[in-house]
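Visitor: Given next are the chains, with one letter for each unit.
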Amino acid sequence: MDEIDIESAINDVDIDNDEEVQLSLPEIIQLMEENWLNEKFSPEVLPNRMDIVELLLDQITTLENNLKKLSNADFKKGLYQMEVDRIRFLISSYLRKRLEKIETYSTVILEQEKSRVQQGSETYLSQNELEFAQEYDQSIREHFESIMRFCPGITETQLINPNLHTMVFLKSKEDIEGIVIDDGNDENDLIDLNKGSQVLISYKSVNNFVKSGNVHLI
Amino acid sequence: MFAEKACNLIKELSRCEEVLPPYHTELVKEVCTEIKQLHEQNKEDGAIVANESSIAGYANALYPTLRIGSSAVKRNVRCLLAYHYNRLKTLRTMRWEFGSILPQDIKTNLSSDEIEWFTKYSRSFAKYMTSIGENGLNLCLDLRPPKSLYIEVKCLMDYGKFELSDGTILLLKKDSRHYLPRSECEELITQGVFQHIV
Amino acid sequence: MDPDEVEFLGEKSLVEIVPTFNSAPIYFIGGDVGPFRASIPIRVPLWVAVNLKKQQQCKIIPPDWMDLEKLEFLKEEEKSNKSFVKMPSDHYMIEAKLILGCAADDIPKTDEIRTIIKDIWDIRMSKLRSSMDDMIKKSAMYAAVDNLTLMEINSIRPLLPHALDQIYRIKTNKKALSNRSQGTTSTLSESRTSFSSKT
Numbered sequence: 001m002d003e004i005d006i007e008s009a010i011n012d013v014d015i016d017n018d019e020e021v022q023l024s025l026p027e028i029i030q031l032m033e034e035n036w037l038n039e040k041f042s043p044e045v046l047p048n049r050m051d052i053v054e055l056l057l058d059q060i061t062t063l064e065n066n067l068k069k070l071s072n073a074d075f076k077k078g079l080y081q082m083e084v085d086r087i088r089f090l091i092s093s094y095l096r097k098r099l100e101k102i103e104t105y106s107t108v109i110l111e112q113e114k115s116r117v118q119q120g121s122e123t124y125l126s127q128n129e130l131e132f133a134q135e136y137d138q139s140i141r142e143h144f145e146s147i148m149r150f151c152p153g154i155t156e157t158q159l160i161n162p163n164l165h166t167m168v169f170l171k172s173k174e175d176i177e178g179i180v181i182d183d184g185n186d187e188n189d190l191i192d193l194n195k196g197s198q199v200l201i202s203y204k205s206v207n208n209f210v211k212s213g214n215v216h217l218i
Numbered sequence: 001m002f003a004e005k006a007c008n009l010i011k012e013l014s015r016c017e018e019v020l021p022p023y024h025t026e027l028v029k030e031v032c033t034e035i036k037q038l039h040e041q042n043k044e045d046g047a048i049v050a051n052e053s054s055i056a057g058y059a060n061a062l063y064p065t066l067r068i069g070s071s072a073v074k075r076n077v078r079c080l081l082a083y084h085y086n087r088l089k090t091l092r093t094m095r096w097e098f099g100s101i102l103p104q105d106i107k108t109n110l111s112s113d114e115i116e117w118f119t120k121y122s123r124s125f126a127k128y129m130t131s132i133g134e135n136g137l138n139l140c141l142d143l144r145p146p147k148s149l150y151i152e153v154k155c156l157m158d159y160g161k162f163e164l165s166d167g168t169i170l171l172l173k174k175d176s177r178h179y180l181p182r183s184e185c186e187e188l189i190t191q192g193v194f195q196h197i198v
Numbered sequence: 001m002d003p004d005e006v007e008f009l010g011e012k013s014l015v016e017i018v019p020t021f022n023s024a025p026i027y028f029i030g031g032d033v034g035p036f037r038a039s040i041p042i043r044v045p046l047w048v049a050v051n052l053k054k055q056q057q058c059k060i061i062p063p064d065w066m067d068l069e070k071l072e073f074l075k076e077e078e079k080s081n082k083s084f085v086k087m088p089s090d091h092y093m094i095e096a097k098l099i100l101g102c103a104a105d106d107i108p109k110t111d112e113i114r115t116i117i118k119d120i121w122d123i124r125m126s127k128l129r130s131s132m133d134d135m136i137k138k139s140a141m142y143a144a145v146d147n148l149t150l151m152e153i154n155s156i157r158p159l160l161p162h163a164l165d166q167i168y169r170i171k172t173n174k175k176a177l178s179n180r181s182q183g184t185t186s187t188l189s190e191s192r193t194s195f196s197s198k199t
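Sequences listed follow chains G, V and S, in order. Numbering-wise (this note's numbering), the first sequence opens with residue 1 and increments by one. Numbering-wise (this note's numbering), the second sequence opens with residue 1 and increments by one. Numbering-wise (this note's numbering), the third sequence opens with residue 1 and increments by one.
No wet-lab data here; the hints were simulated from the structure. Keep in mind that this is a model prediction, so the values were computed, not measured. Some hints could be false.
Said to hold, decoys possible - Mimicking BS3-like on lysine-lysine, the simulated pairs with C-alpha atoms at most 30 Å apart in a straight line are: (1) G:LYS97 to S:LYS97; (2) S:LYS138 to S:LYS175; (3) G:LYS114 to V:LYS127; (4) S:LYS54 to S:LYS118; (5) V:LYS89 to V:LYS29; (6) S:LYS86 to G:LYS171; (7) S:LYS12 to G:LYS77; (8) V:LYS127 to G:LYS68; (9) G:LYS69 to S:LYS175; (10) G:LYS69 to S:LYS138; (11) V:LYS147 to V:LYS107; (12) G:LYS171 to V:LYS147.
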């Protein structure tokens with residue numbers, strides 16, 4: 001009802017978070033977009049960014065609650081709603097893409113996660129994704145076992161591996177020197193990337209830079 | 001020919017991409033029988049080859065038979081699993097489209113294992129969605145980028161009363177048309193109550 | 001990628017509008033927009049502009065490059081150049097489509113502008129097809145695509161990357177085969193899916 005109310009409320013949220021995470025909210029949305037594209041085009045599942053997902057979800061929940069106070073006649077309401085929808089699309093699409101890969105490569109991903117835990121390195125899946133992956137993998141395994149029960153001598157393994165050599169488009173966010181071109185022969189030609197340059201290259205050559213955020217896929 | 005039946009299973013599936021054909025119990029059974037027979041035969045042949053240890057394995061007269069037999073088993077098993085795996089993948093898509101309750105006409109086409117798998121998948125998926133953020137996030141919505149604030153929809157059935165988030169109550173009758181905020185319609189569009197008029 | 005999704009990203013670019021209303025700023029999560037003063041030009045994200053325009057609350061000022069003379073020049077440059085010319089906007093097709101689609105009344109000579117942008121797109125697409133052909137023939141596993149816009153890159157996906165993936169697979173399979181013929185008995189290991197049965 002009172003316009004000042006909602007707008008100062010939205011403003012407050014903005015300031016709160018600026019203190020917490022160093023990055024401004026527009027920068028966080030930008031980062032979310034880049035991670036969405038990375039996840040869309042990389043053949044393997046990438047380290048999760050649930051930190052920014054949750055931060056943005058909090059933002060839109062607060063905003064939506066405040067929107068209820070705004071009169072329907074106010075043209076701004078629709079625009080606020082539209083922005084909420086845009087961010088929610090971004091997040092859902094990102095999580096859907098991850099889930100799709102988690103399902104397809106469940107066995108391989110679970111093995112990799114296990115060795116990451118053993119090596120004490122950061123896991124790629126969130127706790128909830130991990131649980132989902134385990135349940136999914138188990139359910140497929142059980143289904144297959146049930147099919148093969150008629151003939152106990154045969155053990156089947158089902159393994160689908162992502163093709164890490166797949167070609168991807170990327171845009172570099174920094175100057176990077178000496179990227180090895182993975183060309184299927186053993187010739188190791190090198191290339192340098194400048195900030196802002198765009199290339200088509202094998203994912204294998206750049207996967208570390210994708211994960212560290214030096215480049216992003218497009 | 002070896003594995004012909006197994007191949008038919010695959011063909012049957014690839015003929016109907018979107019819909020799920022009835023689970024072919026008979027044919028699956030026949031494929032299993034073929035695998036079992038081949039497997040037994042291979043075991044016997046394998047034992048003979050192993051016994052005649054004076055002859056190097058690949059020089060044994062039975063060796064080619066054994067190779068073919070084992071390849072035939074592999075091919076059969078691969079087809080059998082591919083048939084079942086791809087059916088699960090279609091079921092998975094249906095979970096995303098129809099929600100946790102399968103329409104009866106689809107359910108009748110499934111094996112009991114498949115129904116059980118669907119229930120498990122549905123539960124894990126729902127659990128995962130509830131875990132996202134504070135209030136959960138329905139991943140079956142927001143499938144496409146938002147375009148405009150309002151869209152025109154046509155109601156395909158007598159649905160009854162429908163309350164909008166601002167408290168307005170609409171009476172949804174078959175063939176009635178409405179101009180509504182896109183976010184309010186999405187669920188009813190996926191459920192097939194509304195049709196988006198472009 | 002779905003063209004809608006490319007559009008989604010392009011809709012964030014800023015465009016100048018002249019509002020017909022007064023209003024306090026809008027505090028978007030993605031950054032504040034406004035305050036709005038009637039008749040005073042202001043820059044807003046394209047998706048905001050399109051929505052305001054649909055409600056007849058603003059006029060859209062075409063971006064600098066959306067000008068017949070400049071586009072004629074650009075077209076000539078694109079024609080005479082062998083490589084791709086840098087476009088005045090990373091999302092020129094999307095901006096053209098959305099702005100011309102909803103604000104034809106704000107832009108002089110819309111039809112001519114539409115035609116010439118389509119011409120430029122066509123010239124670039126034909127260049128793109130011949131460079132794709134070139135890459136595939138050379139089995140090149142790397143290409144700089146600096147001046148291509150996202151929409152253009154998306155138009156050659158998945159065809160080009162997919163074709164190159166297959167070429168890669170053939171190359172490495174050949175290598176595996178020639179290694180194998182040198183004596184060892186190994187099984188085919190390159191397949192993506194493998195079901196093994198042990199007896």
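Visitor: Could you run down the list of hints and mark each one as holding or not?
Guide: Each hint tested on the structure:
Restraint check for LYS97 of chain G and LYS97 of chain S: satisfied, since their Cα atoms lie roughly 28 Å apart, inside the 30 Å limit. A threshold of 30 Å between alpha carbons decides the hint, and for LYS138 of chain S with LYS175 of chain S the separation of about 18 Å falls inside it, so the pair holds. Restraint check for LYS114 of chain G and LYS127 of chain V: satisfied, since their Cα atoms lie roughly 22 Å apart, inside the 30 Å limit. About 24 Å separates the Cα atoms of LYS54 of chain S and LYS118 of chain S, which keeps this hinted pair within 30 Å; it holds.
Among the hinted pairs, LYS89 of chain V with LYS29 of chain V is consistent with the structure: their alpha-carbon atoms are about 21 Å apart, no more than 30 Å. A hinted pair counts as satisfied when its Cα atoms are at most 30 Å apart, and LYS86 of chain S with LYS171 of chain G qualifies at roughly 15 Å. Between LYS12 of chain S and LYS77 of chain G the CA atoms are separated by roughly 19 Å; this keeps the pair inside 30 Å, and the hint holds. Using a Cα cut-off of 30 Å, the hinted pair LYS127 of chain V and LYS68 of chain G holds, with the two alpha carbons roughly 28 Å apart.
Restraint check: the Cα-Cα separation between LYS69 of chain G and LYS175 of chain S comes to about 67 Å, which exceeds 30 Å; the hinted pair is violated. Straight-line distance between C-alpha atoms of LYS69 of chain G and LYS138 of chain S comes to about 62 Å, which puts the hinted pair past the 30 Å bound. Distance hint between LYS147 of chain V and LYS107 of chain V is unfulfilled; the C-alpha atoms sit about 35 Å from each other, more than 30 Å. With a C-alpha separation of about 27 Å, the suggested pairing of LYS171 of chain G with LYS147 of chain V holds against the 30 Å cut-off.
Comparing the model with each earlier hint shows violations of hints 9, 10 and 11; every other hint is respected.
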